[in-house]
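Asker: The residues making up each chain are set out below.
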Amino acid sequence: MSDSSDWPQEIFSVLLAQNIDLVAHVPDAGHTALIHLAEEHDKVDVITLTTEEEGVGLLCGAWAGGRKGVLLIQSSGVGNCINALALPVICRAPFLTIVSMRGEWGEFIPWQVPMGLATPKVLGAMDVEVFRVSEEQRVAETVSAAGSFAFNTRRSAAVLLSQQMLGAKQFKEG
Amino acid sequence: MLERRKLVNHLLRQRPDNALTVSSLGSPTWDIASTGDNPLHFSFIGTMGQAAPFALGLAMAQPNKRVMVFAGDGELLMSLGILATIANQAPGNLTIVSLDNESYGETGGQPTATAGPTDLEAVAKGCGFSQTCTAASEKDLDAACDQVWTAKGPVFINLKIVAGPSPLVFPYSFDGAAAMNRFRDAVNNPGKS
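From first to last, the protein sequence lines stand for chains A and B. When the letters of the first sequence are read in order and numbered with this note's numbering, they come out as residues 322 to 495. When the letters of the second sequence are read in order and numbered with this note's numbering, they come out as residues 128 to 320.
One thing to keep in mind: the hints can contain errors.
Here are the simulated lysine to aspartate or glutamate pairs, DMTMM-like style, with alpha carbons at most 20 Å apart [what the hints assert, rightly or not]:
id, chain 1, residue 1, chain 2, residue 2
1, B, K266, B, E248
2, A, K389, B, D144
3, A, K490, A, D448
4, B, K192, A, E428
5, B, K287, B, E233
6, B, K192, A, D342
7, B, K192, B, D144
Think of the hints as simulated: they come from the structure by calculation, not from any bench.
Extracted from the complex, chain A is given alone in its bound form:
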């Protein structure tokens, strides 16, 4: 695999291979390309949420009805999901989310830091298995492993796309 892999395309291919055809999201810059791929695909439904926790119940309901989905969010949105994450846990339903990280490596905005640093701890506290990825070359295998874990063992899994890989958002006045 080359150094500059097209990792959003690779994630999308993994999702399709696992028969995931619902993509719920609160958008983040780190997910732009993946959301675009989902929107362009005629067999995939894309749901823009008003807040991240809607995605937890939505994907649980979809799974009850026989469909598989993924939730794309930014790390700040993980905090919004805390109580909702009890739903897949108590119902032994699978739950898969891909989280683009803020508030860590190279962060410029201090307001992003508290939730960014708390993200893995909060997920762990709610029984969500964390799969962190920091290198483009390992994105596909990590999403694949997290998806298999979630849907085969009916547990919750989160892939954290690190800011080291995504690149910190740049801010310049003027």
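Use these hints to put chain B onto chain A, whose structure you have.
Answerer: Chain B in isolation, oriented as in the chain A frame:
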């Protein structure tokens, strides 16, 4: 004001064969349980605010079924944003029945925002629901019930009901996994008993 148990019974008596129902935690779940057990019903007993998102996912996964979610006013107020999400997805097979007693019935009857100026039907309409109505009397109810199972969704029906406790009736199981497994099997493998 309408009597909640009578009302729920009335709506479920007309339940079509292709119906899937969901109830939010607290009184709506006890109400539905009081009408009898049905494997094609899923009861929330926690995770307040998640019943309508769950119903949207279910409706998108089962476009040939009619999905109806019974949700209290407190439940809906906790996640008003989902009404905008639902209206934008516009599932034709989804009905939200709001059981609006203008109070937090499980916690001492404290007034909700709908006891004040907040109007859930107006919120749903403003979010873009194609069909909405409010019923506060038996007479309004007949008109509301006409569309509840059949109108092209998303439908939002706000039912103004009497506040105050009803006898507790528990659903099939408090074990979420047991309840989910039975519901999911009934939805996806209807031949399997």
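Asker: Each hint needs a verdict: does it hold in this structure or not?
Answerer: Checked hints:
1. B/K266 x B/E248: Satisfied, since the Cα-Cα distance of roughly 18 Å is no more than 20 Å.
2. A/K389 x B/D144: 25 Å, violated
3. A/K490 x A/D448: Cα-Cα ~30 Å, so violated.
4. B/K192 x A/E428: The hint is violated at about 47 Å.
5. B/K287 x B/E233: 17 Å, holds
6. B/K192 x A/D342: 19 Å, holds
7. B/K192 x B/D144: 9 Å, holds
The structure shown violates the earlier hints numbered 2, 3 and 4.
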